[in-house]
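Visitor: Protein sequence lines, in the order shown, are assigned to chains Y, C, B and L.
Per UniProt numbering, the first sequence starts with residue 1, numbered consecutively.
Per UniProt numbering, the second sequence starts with residue 1, numbered consecutively.
Per UniProt numbering, the third sequence starts with residue 1, numbered consecutively.
Per UniProt numbering, the fourth sequence starts with residue 1, numbered consecutively.
These are computed hints drawn from the structure, not numbers from a lab.
No experiment lies behind these values; they were computed from the predicted model shown.
Treat each hint with caution, since some may be false.
Looking from chain C toward chain B, a few residues come up when the C-beta cut is under 10 Å (computed) [unchecked claim]:
(1) Met1
(2) Leu51
(3) Met253
(4) Gly289
(5) Lys294
(6) Leu372
(7) Ala385
(8) Lys407
(9) Glu410
(10) Tyr411
(11) Leu412
(12) Thr445
(13) Tyr454
(14) Gly469
(15) Trp476
We treat Cβ as the ideally placed atom computed from N, Cα and C, and that holds for glycine.
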Amino acid sequence: MNPLTHIAYDQHVLIKLPSDNSKICFIKKDGVIGLGKFGSFNINDIVGYPLGTTFDIVYDSSVEDTLTETDASASTEVKSAEEKPKEDSVGSEETGQPAKKKQKKFVNKPVGKIVPRLYATNAEDDAEEETSSSERSAIVADAAADLIALQNSSATNKDLINLGSKVQKMTSEEIEKLKEASVDGQEIIQKIIESHENFHQKTVYSQEKYMSRKQKKFAKTFTVEYLTSSGLLQYLFYKGDTMRINDMSIETMAMLLNLGNVQPCGHYLVMDESGGLLVYALMERMFGGNNLEKENLGTITFLHESEHANLDLLKYSNYSSEFISKHIKTISVWEFFEPSTKEELAKDVVFLTNEQINKLHPHKKGTYHRKLKWYHNQLELVNIASKKDYDGLILNTTLQLTGLVPKLGEYLHGSRPLVCYSQFREPLLELSHKLYTDLRYLAPTVLETRCRPYQSIRGKIHPLMTMRGGGGYLLWCQKVLPVDPESLT
Amino acid sequence: MNPLTHIAYDQHVLIKLPSDNSKICFIKKDGVIGLGKFGSFNINDIVGYPLGTTFDIVYDSSVEDTLTETDASASTEVKSAEEKPKEDSVGSEETGQPAKKKQKKFVNKPVGKIVPRLYATNAEDDAEEETSSSERSAIVADAAADLIALQNSSATNKDLINLGSKVQKMTSEEIEKLKEASVDGQEIIQKIIESHENFHQKTVYSQEKYMSRKQKKFAKTFTVEYLTSSGLLQYLFYKGDTMRINDMSIETMAMLLNLGNVQPCGHYLVMDESGGLLVYALMERMFGGNNLEKENLGTITFLHESEHANLDLLKYSNYSSEFISKHIKTISVWEFFEPSTKEELAKDVVFLTNEQINKLHPHKKGTYHRKLKWYHNQLELVNIASKKDYDGLILNTTLQLTGLVPKLGEYLHGSRPLVCYSQFREPLLELSHKLYTDLRYLAPTVLETRCRPYQSIRGKIHPLMTMRGGGGYLLWCQKVLPVDPESLT
Amino acid sequence: MTTEALHSASTDLASKSTFQSYKDIVQENDLVLIWISRDHIKPVVMKHGENFNTRYGTFPHTSIIGKPYGSQIATRTAKANKFGFIHVLQPTAELWTLSLPHRTQIVYTYDSSYIMNRLRLGPNSTIIEAGTGSGSLSHQLARTCGKVLTYEFHEVRCEQAKQEFKEHGLLEEDNGNLVITHRDVCNEGFKLNDRDCEASAVFLDLPAPWDAIPHLNTQGILKKNEKVSVCCFSPCFEQVDKTLKALKENGWQEIEMVEIQGKNFESRRQMVRTLDDAINILKDQKERKDAGIEKRNKMNKKILTEAAKNSKTENQTENSATTSKDETKAEVEGSGTEADKQTDATEQSPQLKKPKFNPFGKGFKVKEGDLNYNWIQVSKMESEIKSHTSYLTFASKIYDMKRETEPNDQ
Amino acid sequence: MTTEALHSASTDLASKSTFQSYKDIVQENDLVLIWISRDHIKPVVMKHGENFNTRYGTFPHTSIIGKPYGSQIATRTAKANKFGFIHVLQPTAELWTLSLPHRTQIVYTYDSSYIMNRLRLGPNSTIIEAGTGSGSLSHQLARTCGKVLTYEFHEVRCEQAKQEFKEHGLLEEDNGNLVITHRDVCNEGFKLNDRDCEASAVFLDLPAPWDAIPHLNTQGILKKNEKVSVCCFSPCFEQVDKTLKALKENGWQEIEMVEIQGKNFESRRQMVRTLDDAINILKDQKERKDAGIEKRNKMNKKILTEAAKNSKTENQTENSATTSKDETKAEVEGSGTEADKQTDATEQSPQLKKPKFNPFGKGFKVKEGDLNYNWIQVSKMESEIKSHTSYLTFASKIYDMKRETEPNDQ
């Protein structure tokens, strides 16, 4: 099975929930995944379907809504795939409230049956096959709009006096019963709408809000997606964890990859405070998501400020650790800028012949091998630090840029791009002024990009009322090799 | 005649041309206004029509296209109303090229007849009465779109090979003849389209571009508008003169007026580097555009950095100079911050009795009266400088804000707004940090507003492809009166 | 001057709405806005004997009445020697927009200011507004226009709005300039019982403005022989399309649709951390590691914990930076106010401070702006921005155009 | 190392397109981009014996061949002792977008980068692009994707693009990964003669994408049993509406429309002028006036004229600040380059410079960044921004979904 296209064992996937929230899950054989009130399911049931498939969770009406032993294991399963089990507990994803409160509400549904939604092959077949959750809400909203059109063309909430839940004829118990019995969340919503006396009296906006609220609350569906860097970013965003990636937006990250001219054969010098997200994105462009077996593949030299490189998020990737260590070289700023010489390193090691080694006490032999391993590691670091002529310098760091960038620029080949990300525009402005007077950098440009999403339901199209702010800025320029002024006299 | 609603003698109006350009003209009895290739007309012919009326210029076919004596006077007329006659010469407005080139092309049309376009009173009458220039281009474009719809639903420029002017069957001489003979620019454009073999093969974009180019080139119409502050700003913008108003956009100016809570009865302390534009905008909100005769009208204290206040643009207004000097008080920063005392002033003047004055030599009498006038002027400045408790502090200055604003804030009443404009965000950021730690200012906020115009032709709606950048930023906060910390012990 | 003297001195102005005049001193029965924080502004009518309660303490109205508008008011909190603070502001249309009870989607100042400018509103204008909604725009219109004719079709909302306008002294019957009518203008049009509207501008915030537009042609609604303007405010694209059609069919000119995009920026600071700092931290870590000084690590941890207690967590710092001034004003002790002033004073020469070597690296939480470190000033966009309110469709028209034949002024 | 040696050393890479690899040294027959200024980038094929002419002088190709990519090249201008400069860059898809001959509206990097990300393009992707247009996006796709199938219905444009792709080594027949087909996909669909497309992603930049969408259902066009994505690129709103309808009717899911708004900022400086400066200037003016020293005024005028001659007018300063570096590089004398470096060196401590009292006030033109004055760094938005290119409508679908029953890897 190709884990890039199909749900396969032993990979991480992104599970998208009707609440617009998502979670990262590990596809472990015989495991169970619990999605809180959205239901639970057996992992084995979804393996083999193409990534991108939407599933409904179906329950027999007899199943009780209690926390069974299976559920407990399910939630453990989920937790193990997460980084901060407490915060990522299922409950947190629906409510968005602090972890403490959620734990109280933590009650998983029992394991249900899985029904994949079939996609229609062509236009003829699919007239009635409206499936994905976004589509479904569109349908229901469309139906509601039709209703209104029949009633009164100036659809308003003129006569709609707010009487709270009185206008809603279904009780929440009735709804809960429906939820357990129903095959399809869509039916529930349809029933709710039918029972809502004043639905057709609401304005377009209130209808939209109402539909979307109900949709998110009652649909028991989920979609299993391949875990792209953008999906990962979106996941962190919904978790409220964007500060961890210095608030970078998807569109800014995408722009960075293009301006950096990232391609399979390149050797890139990267500094990144996003825990590996940016490296993961570069690797998608370079290697396509898994262990690509081609010649002349490039490398990423990852410069880290703290003692150890933080590439935590790479653990979700499909790359083998061998592949990663072959293509990602990590080195601290100290080791990079103040490398030891090979001579210095050699001084610290007494090189023994095989004979000599064999004569060593087993205890000392281990020490010797550790020392030798350290030596070879150090030697590789020295080699990395000695490499110049990188094909791109890609930065996402909060270190002062005016001091850092000209030093790193030394390692860049001529006619290669420098792309620097910053959450704020001001440090890039400062850097831009600095580079502007440095003849080794051509045309530094500070730029901003922003994706504005629309509600894309025909008849009610408008830009979303709110969207995320921030997202950061980029500075882009080309490294060049100025003429030696001495040569011009 | 009310000069706020109708074209009246001795006022300045804004004349909007089909090229999207505009010019400021003075409505002088018996004068002539020349609009270059768009034609010339007698001012007397337009007086009395409501402001906002669109006129067509009509020529008999016999009139020759040469520069007559009338035209020469016409262009003088126009120039006298402009500030920089050379740059504002008619030619400059169509080409946007440097003044030198334009002068060569400067050839005014002879005076033509004026035909006002009638507006329909209600829906029934106006089905066929499509009039204003923007509407007309819409119609022609609509017609073209219909044509295309008939031909092929995937309207593209597939088979359109660029053969330059060959596809355009009309020669420019033919077009020129049409221009002189035709009653209506619209007809010309329609003829051009008919003669353009490949028009229907162009893509939506090329069609739009083509239509709009032709429209701007051949329509002989103009619209006479009341000269609002926004119109004036727009005029300066098209002249490429926005640096004169520190690049302020209309929407930012509008936001400033609202955040400043400008109203008829207020007393405002204003610093403005826009030559009076911002003062003009404040006066619209305060006095409605002309000499409003009401009680309790407010004042603007205009603080200027150079020796004399620059309120040049007020000369285009409908206010009398008496009204202006009553409601606008000007004072330099030096006189404001370091005023003389009344005693100091009195020292410089020897006050004489009427008897003593009468005895003076006529020459000395004049000197004495000048001295006395100076004294009273100075006395008024001292009085102005002693006033505190302004109702609003409104700034558009490039002086360093962190030093200036806290000093000016002293003169502001509690619970009154401070609104500060800057072309750049950075000085406001600096100011915001400064005010943030000053307990006399509540909740400083830096903000940006931007108006995004659309092409509003049904069937081809999209945001304009380009719009002006810049436009500036605002800082808004409330002056407050902090508790004396001593009182809390 | 005593409170009483001031009271009587300003009675002349009492007849004018607080939204249409400037007041000096808070008087009994005044509507004031009490500013607790940026997102927490409360309208209160001042009454001797009543109290305003916050979580920072109780503020008797008597402690507010007689003070100048803009005053900061202190009250002793439950904890000894601590004070809570509020600010008392005179209502303005823009502050009201920030504080008002939302009955519907409201028109924010980014949009309203542009609309008012584009419709050329001023003391000479008469404007029609439909619908009234939460009344946010109505207040701004009443401040600026000669006359405001507002229509609301929702009976309950209309009554609520009318009551509010009455309390704010805006109604025509109370010497104000606003008339509110309960009316579905789409079906019943704009005609008033007692007079012609003679409006010079129209603002339509309705689900189906195209149904209202033909009613504008009724005799007496709009001024004749004079350019009049309309603005339609609609969230959805398809509404704009239908509006464009209706405007065109009804002979409106200069039809143009725009949208306004506004953004607020927070003023923040980012720590200056140099490459050398980073390298020195690594060297220091290595040194301590090599020396095997586990003990020192523990000590450092202790210092870290101590420091973390005194400063705030990173998240908290973020929130508090946004509102810290408000909070400071509301929460800190008297001496805290002094400290704040000191910050201000030292702020002016931050470059004199040497960047301190931070041995704990990034893990250590430092309060934003801590004077032991260097900072650069940065602007932070809101984390969620209002990306869309509505599309604004403008148009103009001259009803019954004719030439004035007898110029009076000449 | 001689040019010849380098030449032969890098022949291994010669087979790979310059858009899909990195080159070290400029070789004969290389396509290079010659950077004259930000708005003036010229693609040139290097040939011994040929020249590249600019208004700053003539650059023989021989002076370029053998130099590392990125080199600045100098040539003596007509004026003695002056030099003209250019930079020689290796083409990348993004630089090509800035330099290419516009045959049609092009897809800029703000849009293309987002599209590529959203369509999840990478070495494993096969993408359909219709139409090719100016080929800006095609180059970016060829750089990133495994296979690019591009369609252009305009015969002349198609030929031009094909020629260009051939010269750039991108065509499949030349060991590249791009196939261009002259085809009206709206009528004739996407089917190739020699194979199935088996595309994983589709980009439609067509006036009527809704006519092309049904053709995607044809067997062999899109990959089966795998999520495939489409992006439609349309400027007008009504096109989006029709596209949404067609996508829905053809069973596409996750339909979402977005627009991308990108902005560039110039880095500029604003002079620090304090209130005290302003007051001092007024005092100085008064003093001179009072003393009646008309003579001094004249002298000042002379100095002013002198100074104006040496500096630039305000307008020119504005333009030159935008491009001054480029111009500097292209225009200044050899010694000017040194001066530039000095600027860099002194830049690091601008706070050491005392603000000089400017006796001429605002009328005096000072060059932006003049070290005799204090400046703050500011960002300037472009004076005209690209406010709209096209709406992007995305959707995804799985054709012939079925469960893989025999997992190979497990």
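Visitor: Each of the hints needs a verdict: does it hold here or not?
Guide: Outcome of the hint check:
no.	hint	in the structure
1	Met1	4 Å, holds
2	Leu51	6 Å, holds
3	Met253	7 Å, holds
4	Gly289	7 Å, holds
5	Lys294	8 Å, holds
6	Leu372	35 Å, violated
7	Ala385	21 Å, violated
8	Lys407	14 Å, violated
9	Glu410	13 Å, violated
10	Tyr411	14 Å, violated
11	Leu412	9 Å, holds
12	Thr445	6 Å, holds
13	Tyr454	5 Å, holds
14	Gly469	13 Å, violated
15	Trp476	9 Å, holds
Hints 6, 7, 8, 9, 10, 14 from the list above are not met by this structure, while the remaining hints are.
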